[in-house]
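Residue numbers (the working numbering), protein chains in the order written: chain D, 590 to 884; chain S, 119 to 415.
Hints were generated in silico from the structure; no laboratory data involved.
Just so you know, not all the hints are guaranteed correct.
Within a straight-line C-alpha distance of at most 30 Å, the following computed DSSO-like cross-link-like pairs (lysine-lysine) qualify [unchecked claim]: (1) K148/S to K842/D; (2) K148/S to K403/S; (3) K758/D to K148/S; (4) K879/D to K717/D; (5) K758/D to K879/D; (6) K403/S to K879/D.
Distance ranges between label pairs, derived from CB positions [said to hold, decoys possible]: (7) A204/S to V690/D: 32 to 42 Å; (8) D333/S to A642/D: 30 to 40 Å; (9) L697/D to R276/S: 29 to 39 Å.
Predicted model only: the values in this text are computed from it and were never measured.
Note that beta-carbon positions come from the ideal geometry of N, C-alpha and C, so glycine has one too.
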Amino acid sequence: MFDFLVSSLTFGAIFALMALGLNLQAGLAGLLNFGHIAFAGIGAYGTGIAVQAGWHPALGAAAGVAVAMTLGWCIARLGKQLAADYWGIATLAIAEIIRTVATNELWLTNGAQGISGIPALFDDLPGKSGALAFLALVVALAAAAAVLLRRVAYGRFGRALRVMREEPKLAACMGYDLMSLKSRAVMAGAGVTAVAGSLYAHYMSFVGPDYLLASETFLLWTMLMIGGIGNFSGVVLGVVLVQTAYTLVPFAKDAFGFGSDIAGALRLGLIGCILLGCLLWRSEGLLPEKMRKMP
Amino acid sequence: MIQILVDTLLRCSDLALIALGLSMVYGLVKFPNIAHVQYAMVGAYLTYALHALGLPLALALLAACALTGAMALAFHLLVFRRLLRAGPAITMIGSLALSMLLIALCQGFAGSFPRMFTLPLATPIRLGDASVTLTQIAAVSTTALLLAGFALLLFCTRAGRAMRALACNPALADASGLNASRITCQVAFCSGALAGLGGGLLALSTGAHINLGTDLLLPVFAAAILGGLGNPLGAVAGAFLIALTETLVTNLNFGWLYAKPVAFLPVAYISAASFLILLLALLFKPYGLFDREVRRV
Numbered sequence: 590m591f592d593f594l595v596s597s598l599t600f601g602a603i604f605a606l607m608a609l610g611l612n613l614q615a616g617l618a619g620l621l622n623f624g625h626i627a628f629a630g631i632g633a634y635g636t637g638i639a640v641q642a643g644w645h646p647a648l649g650a651a652a653g654v655a656v657a658m659t660l661g662w663c664i665a666r667l668g669k670q671l672a673a674d675y676w677g678i679a680t681l682a683i684a685e686i687i688r689t690v691a692t693n694e695l696w697l698t699n700g701a702q703g704i705s706g707i708p709a710l711f712d713d714l715p716g717k718s719g720a721l722a723f724l725a726l727v728v729a730l731a732a733a734a735a736v737l738l739r740r741v742a743y744g745r746f747g748r749a750l751r752v753m754r755e756e757p758k759l760a761a762c763m764g765y766d767l768m769s770l771k772s773r774a775v776m777a778g779a780g781v782t783a784v785a786g787s788l789y790a791h792y793m794s795f796v797g798p799d800y801l802l803a804s805e806t807f808l809l810w811t812m813l814m815i816g817g818i819g820n821f822s823g824v825v826l827g828v829v830l831v832q833t834a835y836t837l838v839p840f841a842k843d844a845f846g847f848g849s850d851i852a853g854a855l856r857l858g859l860i861g862c863i864l865l866g867c868l869l870w871r872s873e874g875l876l877p878e879k880m881r882k883m884p
Numbered sequence: 119m120i121q122i123l124v125d126t127l128l129r130c131s132d133l134a135l136i137a138l139g140l141s142m143v144y145g146l147v148k149f150p151n152i153a154h155v156q157y158a159m160v161g162a163y164l165t166y167a168l169h170a171l172g173l174p175l176a177l178a179l180l181a182a183c184a185l186t187g188a189m190a191l192a193f194h195l196l197v198f199r200r201l202l203r204a205g206p207a208i209t210m211i212g213s214l215a216l217s218m219l220l221i222a223l224c225q226g227f228a229g230s231f232p233r234m235f236t237l238p239l240a241t242p243i244r245l246g247d248a249s250v251t252l253t254q255i256a257a258v259s260t261t262a263l264l265l266a267g268f269a270l271l272l273f274c275t276r277a278g279r280a281m282r283a284l285a286c287n288p289a290l291a292d293a294s295g296l297n298a299s300r301i302t303c304q305v306a307f308c309s310g311a312l313a314g315l316g317g318g319l320l321a322l323s324t325g326a327h328i329n330l331g332t333d334l335l336l337p338v339f340a341a342a343i344l345g346g347l348g349n350p351l352g353a354v355a356g357a358f359l360i361a362l363t364e365t366l367v368t369n370l371n372f373g374w375l376y377a378k379p380v381a382f383l384p385v386a387y388i389s390a391a392s393f394l395i396l397l398l399a400l401l402f403k404p405y406g407l408f409d410r411e412v413r414r415v
């Protein structure tokens, strides 16, 4: 039970990092990124490929972050003239292309088998303290990211992003370079998410193309929409709620004797229901973004 | 050579009906409905269930088509109409939630194992060096008939003219006394019915499975965007282009590029091909190949 709790919390903290990265793009800058999970996948694969090649894992994580940020730059540049919803579909397509490549390029990624045997970070600590140390690391990272991004959000850069989201023409008139704002937001989100992906790879000691499934992005979106898009405490609340719902499903499976198909359906349906209900009755989320009023 | 043409036509008929419905609804409600491809999955499962209950295949297809249409109409009235007040981005995320819900329902009721239709075996017909089955011919001709009928409806009837007017300029259409909400409801029903039928026809060869909708998502969106979202017949042309590219990419021998006798792209890249077209279309022709409107940016 204790191990289960620790692992749920670890997953929660890793997802919180990814959701914070997405919030910077979707919440503050209003960019509909439906391919966000690609950044996490690149971070995870960076670690995996580095370990396979015999490099130090930290080098792999750094390479993963660099590649993810480059991809983020390309994605942001892609949408020069695209309307927001078209851009969303384009990001979805890019994530799927990356997943297809990861499934098929056997020499690089070992295909659908994935790369296994990635060392855990605190393996040499005795007993349960290894898992606890890893949990402490991810929670600390998530908290640091939340505080840092919150500061960014209430600073000049965050204000510029919000002006761009609400009134792009006004932002352009005030002399902001929208393209540069957009690419910086996407790149920052990509970096945070790639770190989370690399940690995920260490925790699971495995990377596979399943990490890049579009449903993972939608899971992150659910966390954002439930908690309150644009508000960092809201995002954390959303992560906690969705992770709790996910954690409860195995118990429901045992209590009611469901098969694994029904349990999977229950998990997906639960998330769909919560998201839809939230959108219909509380579209700004449980903790809405606070707009500062000018006196 | 004929085989390539036959494959293209088969794939095109899989995509065309679904892309047509997607594009048609987009014209009126102005948001890309991600759940639209899941209607095809629901249609496939309904067709399977009704066929398994003992209905003849044609009747099962028809009933599933009507049921899917009713479902699409219900979703339009209960969900999308409310969400649209909050803007297209929220509605798009809502359609995402709906598609998760539909997959979950189908997985809960039917399981994750594909359901194959038990159709009588027939010898394929030879056309030159190509072979097709009777079921495939029936599916393609049904699609062709429906498309022709739809084109007639769109360009030669009052209802079609009202639809085009509403898609083109909602304010003016409203001022000329068109009942916008009734037309939108009718179109939502039609698009759901077409998607259900398309899914049912597709499932005749692949079986009904829970990834049927998700696998269609990007090719169908690529087709609809290539044709210009909101332009239903453009979507059909887009579907043909996507089908042609997918077939060519997997059937052409790229050996001359690498100085090897035989070099084919792996079949798994078939979907990447359509995503790539989608990206290129978004980059260079974001309003579709048939866009004639002048835009001031």
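Of the numbered hints stated earlier in the document, which are not met by this structure?
Numbers 1, 4, 6 and 9, in rising order.
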